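Protein chains in written order, with this note's numbering: chain R, 1 to 825; chain Z, 1 to 825.
Simulated from the structure, these hints should not be mistaken for lab results. Predicted model only: the values in this text are computed from it and were never measured. A few of these clues could be false.
Copies of the same chain look alike in the list, so a pair counts if it works inside one copy or between any two.
Derived EDC-like pairs (lysine to aspartate or glutamate); straight-line CA-CA distance at most 20 Å [unchecked claim]:
id, residue 1, residue 2
1, Lys332, Glu699
2, Lys51, Asp243
3, Lys2, Asp114
Protein chains: 2
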Amino acid sequence: MKEEELPHVSTATNPDGDARPPTPAADAPSIVKRAPQMPADKLEGFHVVGKAMAKTDSFTRVTGQDRFADDIFLPNMLYGKMLRSTVPHANLKRVDATRALALPGVAAFASGEDILVRYGILPSSPDEMVMALDKVRYVGDPIACIVADDELTAEEALELIEVEYDPLPTIANMDQALRDDLPQIHENPRRTNNVHKEAHLEFGEVEAGFAKADRIFEDEYFFEGNTHAPIEQHAVVARYGGDGKLTIWCSTQTPHYLHRIACAVLGMAGSQVRIIAPPVGGGFGGKTEPFAHELAAAFLARRTGRPVKIALTREEVFYAHRGRHPVKFKLKTGVKNDGTITAIHLQSWLDGGAYGSYGVATTYYTGALTTVTYKVPAYKFDGCRVFTNKPPCGPKRGHGTTQPRFALENQLDKIADALGLDAAEYRKRIAVDPYTNTVNGLRVTSCGLRECIDAACERTKYADKRGKMRRGKGIGIAASSYLCGAGLPIYWNDMPQSGAIVKVDRGGGVTVFAGTSDCGQGSTHMLAAIVAETLGIDVMDIHICSGDTDLTPVDLGSYSSRVTFMAGNAAREAAGKARALIAQAAAEKLGVAPERIGMANRRAFDLDDPTKQLTFIDAAQLAEAKSGTIAAVGSYWAPKLAAGYKGSGVGPSPAYSYSVAVAEVDVDLETGEIKVEKITLAHDVGRCINADSVEGQIEGGVYMGLGEALMEEWPFRAGEHKIPNLLDYKTLTSLDTPPIETIIIETDDREGPFGAKEAGQGPLNPVIPAIANAVADAIKARIHATPITAEKILKALDASSGSTLRLRKAPVAAPKAPTTPRVPA
Amino acid sequence: MKEEELPHVSTATNPDGDARPPTPAADAPSIVKRAPQMPADKLEGFHVVGKAMAKTDSFTRVTGQDRFADDIFLPNMLYGKMLRSTVPHANLKRVDATRALALPGVAAFASGEDILVRYGILPSSPDEMVMALDKVRYVGDPIACIVADDELTAEEALELIEVEYDPLPTIANMDQALRDDLPQIHENPRRTNNVHKEAHLEFGEVEAGFAKADRIFEDEYFFEGNTHAPIEQHAVVARYGGDGKLTIWCSTQTPHYLHRIACAVLGMAGSQVRIIAPPVGGGFGGKTEPFAHELAAAFLARRTGRPVKIALTREEVFYAHRGRHPVKFKLKTGVKNDGTITAIHLQSWLDGGAYGSYGVATTYYTGALTTVTYKVPAYKFDGCRVFTNKPPCGPKRGHGTTQPRFALENQLDKIADALGLDAAEYRKRIAVDPYTNTVNGLRVTSCGLRECIDAACERTKYADKRGKMRRGKGIGIAASSYLCGAGLPIYWNDMPQSGAIVKVDRGGGVTVFAGTSDCGQGSTHMLAAIVAETLGIDVMDIHICSGDTDLTPVDLGSYSSRVTFMAGNAAREAAGKARALIAQAAAEKLGVAPERIGMANRRAFDLDDPTKQLTFIDAAQLAEAKSGTIAAVGSYWAPKLAAGYKGSGVGPSPAYSYSVAVAEVDVDLETGEIKVEKITLAHDVGRCINADSVEGQIEGGVYMGLGEALMEEWPFRAGEHKIPNLLDYKTLTSLDTPPIETIIIETDDREGPFGAKEAGQGPLNPVIPAIANAVADAIKARIHATPITAEKILKALDASSGSTLRLRKAPVAAPKAPTTPRVPA
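With the sequences and hints as input, model every part of the structure.
Here you go:
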């Protein structure tokens, strides 16, 4: 063929938006059940929502094309290292970098004297310094930062910095923190001890509730602290440009928080600072606040005029982490003989470590959601967080609710046993009803808790197994509920909690600008799916621009299980406005009313006669010719739900997810070793937007719960972390993970985008008590402290048998790996 | 001071938007004059517009922090080289890469057979292949592309590709192209020669006009072809991701055109292709269309799954360029004895080279704007573009109007001399009036031509010098006018020519999304200035996101002097909508009517009582709390101005700029060497948004005009470029550049953003004829062909003196450098 005869194209040619085949749906995972409160008429007609498909960003992730923060290399870049305290508590007498600065290749140094500002993620706890000025408060507390031409030189220079400490007594644990005769970690003239925060709340007639109870149960529990252990260690690159603008690439779940703190700490205008969150290799709450090394990198980039990278070592991540608080509980529950709860009094003591972090919120969270799962007519909560000379704790997946759920579900099983009730049936009987309010003023919308219990029990043949298996084998159930984002914007009143911009290109591509940060949870896909559903196009037609404070609207960030719900609602609103413009143009072209325009499969069509249709591209171009650039803005404000009492801002959420775990275990009565044979998890996700994503989140939550239930520990010796590394810190490998069966329950929440609720955190919470309850079923004895190790099992067995023969040193090893890897259900 | 006593901040703290001092204004350059048609009441109160300041992106540019396309390195990247024809015209018999592919490190190869699609930037000229299939048409025509692990291996592999040509006669020049007995470069059964495009237009009573003329002048002119010679050579990086999406980083002025062509050529959906234009190191029209190497890189990135970079060598840029067409003119003008023009007949012949490029538009442009500068009551235009076996020509700064302006202004001077009129006064007399229409249907709005003439003459003491200096010294004047963007969207009817999104962050930063590409002309700054003025903030508070087809609305690109005008209007509309939301919230807070809210200096205030004020940040936050994310969309459509005849789409513009150059020269009568002593350029820019930017554009235009006037040549020998390198191709260095004085004339155009018109191209056009006219004043003889070399001067001197003694070989050297560099006026 001659060139002159070939097909030709020009810029006038419309690219064909259909050239790429639609993203195929994968095999749907597990069961999808529907709870009765979901309106049936909303179920039909989705073309993206509800399908199971690979996340849109999984392709570049698994092919290694994504660049994480530590993959960023800028010309002339310096590498920074933080000098960290080697003592748990001391006055800082002297920090001398003279010798370090003399080392060839060292470019600059900064210490506490350079940044005389205290900051905090919460307005109530502004107690951190980028680098310590007069005191160090834990082993790992940042003291100084040094930057050099390469990482090894920076490390070598660290060794040359001379630090002189004047040691103070170590506050090593909660008991010491509550004493009045020890020094304060943070000066507080209003106290004589190391209490950070106390909360005392009472709702309903608590004393009367206990008075009318037939039985009262009182127990003590301990939930061990642990850490997020994300695969990606924290990393930051900061560049101070020739234009006086600071750009920070950072592995963060909350780019806009870092933006605000960086501006304030460095004294820069908001318009001069840009935070970019590259893909984040796991956050789990551990990357939700600004870290000292991030601010130090920015400071030294400005000081030197050269880009600065700081990537934490794994050991540093253990210090910096802000993981799960160790919490002690006293739990008192009054019940009628039929199990009806008459009152609960929950007391919690949190070991906060050396700084505030999100600890005030955590304190409230250990009490707030007690009432959202089961009917509690009267409730008293006392919370207390203390400072100790350990790395500060903060939010980890299930923030603040994971620990009390272990206590509550454990005791509930005990109550059922004591009253001769089946633990599952009992939970169904006292489950909260949809669309009710709790005694502490929380508004429940959709609730699929009973459906979760039924589905999990049916799937596991729970009724055939519970109490009916040989000694050593056990089955246990537990339930939980979780937030879909905090109902109050904690920080900036009246701002929308999420904003989104949706732009439609005449070539058929659609861009969504959202201030979220995808920390692996899948927010990129969820936003794409919501917008694709709204506009009737494919998820791969959509480009998500997120995690960039210059390019995206403010969003509080990826925490509190808020992104699909809140950013999703904002994106849906924006896409809906764009859809209206396109539908109007299509309606005019097709000669039908705009409300009769359907949009699906990259077509705009007459709902009554789908043969009357336009391609999405043609419709978008008509709309553009009529209205100009097709772009629209959406915002989401949560309803104002706080009840008004002090602390009432922690707990309210526009909606709550519900999760039920059934654990099946086989305990080796000789060694105490626990083999978790299977976890079945039913989760009320409202509306399932992508079954693969929901399943992934559930599996991740179960996996993390297993680690906390069985092995993760946070041991200190006089303030020194004993195992700050992944060799000694035991957590599950994939081979340790038992089969996990996921059951998705749909309830179509009225507040969520397309009815969706959260799936990222809730499923973790019931796993730990379900295992505890299964172990109790297996060994007829209860373990009141996590992790449930073989040693504790043996102790419990011995205690229940009255024998002391078994009180020998038992193996503390992790459970044996199953012989075959998990095969998806 | 103890840590506990330090000031503290939290995420609740508002960053202070005033922490960064406002960008200081530089010393204002030159004069800013105001033409009478500018309404006086619009002059006051600007706080950004009209100030002279450094471009917002100059800081990162001069500190070397910007990354151009060739600075991008991706992991696992391949380097590509194009195999180019070594013969000007041949049938391609065989392309065999067997030996090349066997070379270690060579990854892949592609040739014409791989991409069987013809494309073209204009719908009327789809005559290009990414790589030749059956014919090569010029030395440099792409035949194949090879990619290898490194650049040297790719170069080595090129040598191993075997190509067999079957030579065809070379069409070496226009005369040959017009012959009927030579082969056609592009098959065209409707013709027997190599004519590409003919245009024949007639407006008014042309014959009658000539009939009533007192004098008729007929002359022939030749304008030499030349090239853009941008500092940055063309470069592209293409990546085909694991998600099936193609990303192309490319030094392009028109990312959205490349997007469309790449989709069509590669058969991909618009949503799957993303074009990113990094900062462009000079375009001047040479980067306004998709190039073969860009499409080849994309194709081979997809074929190999690895990123591919292709950076052209300087020699390749000479082949790929699409520079200024060589044009021959016949110009016939009828005038009354007082100089009034009665009719013009302009004939042009363009040597287009081997492909169409924008040549159809160029053909019309050589005739379209003849009538926009002076009153022409009757006008006939005949244009003809031919194909020759040379690198294709296309648009270069002043696209198509630079060449006829040389002819028109040259002849006009001759007419003035013949009629005994002063050349400047004569131009004033026949200058078009503001707000009139031309005989060929072009609508003139503001026009500061007379003011430009007055200012340039006054500044140069023209009247004291013209015709009054010693032989050898001369002063000359010329005028021109230019488009502010094409009035018609050439490609996609009814789409807005520019779109913009403006987002206001609660921290005081503002982001503008615009599909423009900053090719050094300053569009980034202009958009920032327009939005900063609208919102009352500083230019450095603004982040411009441009040149990214995923992130930005469609914009036709950076050509036709359209960006400040069209994208500026879109950005102004978007910013105006955002301003309205903010002003409304501020008005409510301050208790005044919204129309009484002024915004300047990062404040929103009561215009009647400026002490009643809010910071911009506070006002923006109030607006956000009220309306949600503050973001708005703006679009610009040019008024529909085409008169309806064939070709009437080329020429109409929403507004025209006017420029007057006065050149002062000193010609060495012995050697013919011309020393340009000074260029004074007065430019009617409508409203000057940034005097530094306008001055820079004028200086750049003058600089480029000097090169074309004095030395740039495009010499071929039988189709082979004789000097495809910057050693032999003479163009000015900074030392060759004479003092340039800039005079900015403001006319406040009713269509432009804040009244602005273009400055990027117009100022080049009068420079060349002004020099020609100054030379004529100096030597009393006229040169009818560019460049005006010493050799031509000597010939003209000899011809005018009747002597032949001087017909010896004269030096062709560039003019001597001035002994001191230019000191800014």
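TODO: If the cutoff is 20 Å on CA atoms, where do Lys332 and Glu699 land: within, between, both or neither? Let me know, please.
DONE: neither (32 Å within a copy, 84 Å between copies)
Open item on the list: Checking an output row: Lys2 and Asp114, CA cutoff 20 Å. Within, between, both or neither?
Closed with: between (72 Å within a copy, 14 Å between copies)
TODO: Indicate which option fits the pair Lys51, Asp243 if close means a Cα-Cα distance not exceeding 20 Å: within, between, both or neither.
DONE: between (47 Å within a copy, 19 Å between copies)
Of the numbered hints listed earlier, the single one contradicted by the structure is hint 1.
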